[in-house]
Amino acid sequence: MSQRIRIATTSLAGCFGCHMSFLDIDERLIELSEKIEFDRTPLTDIKTLGHCDIGLIEGGMGNTENYELLREFREKCDILVSMGACAINGGIPAMRNSFTLKECLETAYVEGVGVTDPQIPGDPEIPLLLNKIHPLHEVVKIDYFLPGCPPPAEMFWTFLDQLLNGQPIEFTYSQIHYD
Amino acid sequence: MNLKAATRLGGRIGHFSIDGVRLPFREGQTIMAAAMEAGVYIPHLCYNPEFTPHGSCRLCVVRSNGRHLAACTTPAAEGLEVESYTDELQEQRRELLQMLFVEGNHVCPACEKSGACQLQAVAYYCGMLAPELTYFYPQRTVDASHPDIAIDYNRCILCELCVRASREADGKNVFSIAGRGIHAHLQINSSTGKLKDSDLEVTDKAAHVCPTGAILPRNLGYNIPMGKRPYDQKPISLVGDVADHEESS
Ligand code: SF4
Ligand code: SF4
Ligand code: FES
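The listed protein sequences derive, respectively, from chains A and B.
Under the UniProt record's numbering, read the first sequence as residues 1 to 179, first letter to last.
Under the UniProt record's numbering, read the second sequence as residues 1 to 249, first letter to last.
No wet-lab data here; the hints were simulated from the structure.
Computed from a prediction, not measured in an experiment: that's the story for all the values here.
Take these hints with a grain of salt, some might be off.
Claimed, not checked - Residues on chain B that point at chain A, a partial pick, calculated with CB under 10 Å: (1) Y41; (2) Y124; (3) L129; (4) A130; (5) L133; (6) D232.
What the hints assert, rightly or not - Derived DSBU-like pairs: lysine-lysine, alpha-carbon spacing no greater than 35 Å straight-line: (7) B:K196 <-> A:K132; (8) A:K35 <-> A:K102; (9) A:K47 <-> A:K141; (10) B:K194 <-> A:K132; (11) B:K228 <-> B:K194; (12) A:K102 <-> B:K205; (13) A:K102 <-> B:K194; (14) A:K35 <-> B:K234; (15) B:K172 <-> B:K196; (16) A:K141 <-> B:K234; (17) B:K205 <-> B:K194; (18) B:K228 <-> B:K196; (19) B:K205 <-> B:K234.
Unchecked claim - One-sided and incomplete, this derived list gives chain B residues near chain A with beta-carbon spacing under 10 Å: (20) I13; (21) A123; (22) T134; (23) P138.
The C-beta atom is built at its ideal place from N, Cα and C for all residues, glycine as well.
Using the sequences and the accompanying hints, generate a full structural model.
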């Protein structure tokens with residue numbers, strides 16, 4: 001059993017869409033499950049990250065907790081993969097980079113429609129937002145990039161299949177898109 | 001023989017080759033113009049056969065006699081042997097594309113031009129998976145003052161096609177590039193700097209030549225389903241430039 005490739009996944013400033021697209025490989029998940037096993041991922045209940053062969057990360061880096069987790073993934077995963085537009089360039093959430101953080105927080109928590117008791121949340125339990133959303137490769141070394149919002153299921157399949165078989169990673173034209 | 005055919009044949013002065021394929025060229029033709037006419041694709045963004053070559057995007061750079069040359073500004077010559085689709089040049093193009101992507105805010109998932117964008121299509125053709133550089137995240141304001149056309153300056157790649165089209169085809173001179181270095185930016189030649197106070201009309205050539213989603217005719221966004229947009233199924237080398245498809249979208 002320990003021969004199986006260990007994979008961890010996580011979502012930082014992501015929407016979980018990349019995970020859903022990964023699951024879109026459908027029944028091929030069964031075939032895959034004979035070759036891989038999951039460590040910490042939103043699909044398992046494992047709370048602490050162990051040493052893994054592959055780490056798949058969706059979402060950009062938007063707050064201090066994202067930063068900590070990203071560093072930990074880099075430390076513990078031999079191969080780290082940026083999956084999806086958000087991990088690659090911040091994606092749609094990075095549109096907030098056009099505004100100051102103060103403007104964003106005030107719009108949501110002070111001036112927001114239907115807001116009662118307007119105040120910007122400040123409990124220390126809540127991770128602080130960074131001034132800007134950042135792509136993952138600005139913080140740690142990334143080994144592979146899977147573009148798309150989300151990357152198509154076929155891209156996940158091609159990537160894992162070729163990687164597990166030790167082949168060079170090559171995508172077809174229709175598998176590569178940024179939207 | 002009619003006059004048109006005569007000039008075409010008469011003007012043909014020799015042959016050169018791209019990646020080993022022999023192509024004819026006419027008097028005064030650049031490598032790019034001759035290649036395009038023969039249906040051989042060389043990646044390009046700032047080149048549009050209707051306007052004076054510009055030489056700013058550098059994507060068309062090819063190799064000949066150990067030198068790198070911009071195909072859009074270098075004249076074809078008898079016996080010239082040109083390399084274009086090599087690993088080295090494609091790698092260089094991917095690097096240039098990465099620079100263009102990190103310099104602006106190319107949020108393709110939220111961009112109306114996605115799937116019909118020449119910048120994106122060339123990046124697909126060159127196999128760029130991700131811009132692995134540090135992002136600039138510019139904060140330029142969007143100009144939505146004009147009733148028919150909007151400009152998102154954060155997607156402008158300074159190809160000057162709108163500048164050339166407005167000047168050469170529309171005779172209006174609506175656009176210019178101002179500033180230096182990384183501060184270079186597109187500027188509207190109107191008293192307020194706003195599009196609404198310029199002479200630009202949606203029927204102008206300049207409103208339809210932008211290879212990215214910077215200049216957009218309004219109220220047309222997302223009107224083509226995914227899968228049916230120009231570059232969804234086939235690469236730009238087969239589909240052609242975005243300006244040729246603009247009218248239909
Ligand atoms: S202009 Fe093109 S490359 Fe830029 S965001 Fe829009 S679709 Fe993407
Ligand atoms: S607005 Fe479009 S056409 Fe004009 S310079 Fe920028 S990218 Fe080129
Ligand atoms: S097409 Fe030649 S430099 Fe842009």
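Of all the hints given earlier, name the ones this structure violates by number, lowest first.
1, 8, 12 and 20
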